[in-house]
Amino acid sequence: MKHRIILTICLLLIGLGAYSAKIKYPGGKTYIYRYYLKDKQATTQSLEKPLRFLSQKSMERRQRQGLSVDSTDLPVPRAYVKQFRQKGTQILGTSRWQNTVLVSSTDTTLLQRLARLAIVREARCVFIAPDSIDKPEDIRWNVHETFNRWDSVKNDLYGMAREQIEMLGGVKLHEAGFTGRGITIAILDGGFQNYNRIPAFSKTNILGTRDFVNPNDLDELGRPGQSFHHIDHGTKVLSAMAACAPEVIVGTAPDASYWLLRSEDHDTEQPVEEDYWTMAAEYADSVGADVINSSLGYYKYDDGLPSYRLRDLDGQTAFVSRSASLLASKGIVLCNSAGNSGMGQWKKIGVPADARDIITVGAVDAQGQIAPFSSVGPSQDGRVKPDVVARGSNTTLISGRGTLVHDMGTSFSTPVTCGMVACLWQALRNKTAYQLIDIIRQSADQYEAPNNIFGYGMPNFWRAYEQKK
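Just so you know, the sequence shown maps onto residues 1 to 469 in this note's numbering.
Hints may be right or wrong, so weigh each one.
Below, a list of computed lysine to aspartate or glutamate pairs in the DMTMM-like style, where the Cα atoms sit at most 20 Å apart [stated by the list, open to error]:
1) 24 - 302
2) 347 - 302
3) 40 - 163
To be clear, the hints were calculated from the coordinates, so they are not data collected in a lab.
Full structure from sequences and hints, please.
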């Protein structure tokens, strides 16, 4: 069983004796190592010329918040990366924030030898290819061009999505003219099935896409290929924010701009996904994203690699949590799902939901009661988690086939919240990421008495605007 936070709460009805067909893992027995480097002394880049490695939009975001670039922004030196380009290895990527290089090979002896390079501080194996994986289902490419008549609410712009937006004071904020325009949201997820063919996204300003798990899978136009479309979790997440189908569903930030970034490998659950997540977040920073939605999280990995323990949930132990904890210092607000482990043995949030200076989102139902599956806090160092809660049982969404669906999970309460964060930042453009996070917490209905189930409670974005405008 996969232990990932992006799993939604659902029942799979299977008959006795049924089984999943298996196939060999593509590419055979490969291994991936993460190498932590000692320094960046060989860099040819300069903090005085940041536009060589960051976009103008990224720099404007920093300047608006009084933030300067620092050594974590400098790319990993090319001269160092070159030392890993030995026969039989493939460079999968780097992290400038954590000064690491990600290398793949079928030869573990070679990968272990690279750990002895003078520039390497530490090396960790973060991926071991399984012998086999479940045979993937065929991608459903057919898209419904229209909705069922019972999916619409006559004369109501928001249709079935009204309640989930109204609960957060979002309708009033929209009516005041704040719908996310001018704000860029990056979505880190596992797949965006048919995002480019669904009519409800025809007016969505999608700035670009990128696949960090399988970057070589491209279509004839150079866009991410089939693996990018294989699951529709990211499509549903996008719909909670960006959908525009009047009288059926309207998202919380329909006028925002979006980057769709795949960082989740749905075939396995291994630490390398923390590297993919980090690379995607750094890319979002570099292209100028203001807000990141991550309906992802981790705590248990496939056999063969160590999983996390409760004591690790301090925002600084996990590789991905260290990356997430840096985002506000770059001027970005991260909204991350708390997790769906509330009814399981683990119960707690995962990583990077434990990160510092982010908005971790739990889930409630239509009556504002906590959803039983919503993971609880606090972090192991005593910080309030989750930060806030929103409607996640059920959430009105659009599936990868273009149909209206009602699904459950903190995966979906998170983008409902994230879209409202974008709208509020449009309204309060002079606020920093740190200030905006604090304003949102203060607007929540349990701010004076937070707990480890609701956190600070349900935020009211209209109240936040009224108090701070």
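With a cut-off of 20 Å on the C-alpha distance, tell me whether residue 24 and residue 302 pass. 17 Å, holds
Given the proposed pairing of residue 347 with residue 302, does the C-alpha separation stay at or below 20 Å? 19 Å, holds
Pair hint residue 40 and residue 163, alpha-carbon separation not exceeding 20 Å: 50 Å, violated
Violated hints amount to a single one, hint 3; each of the other numbered hints is respected by the structure.
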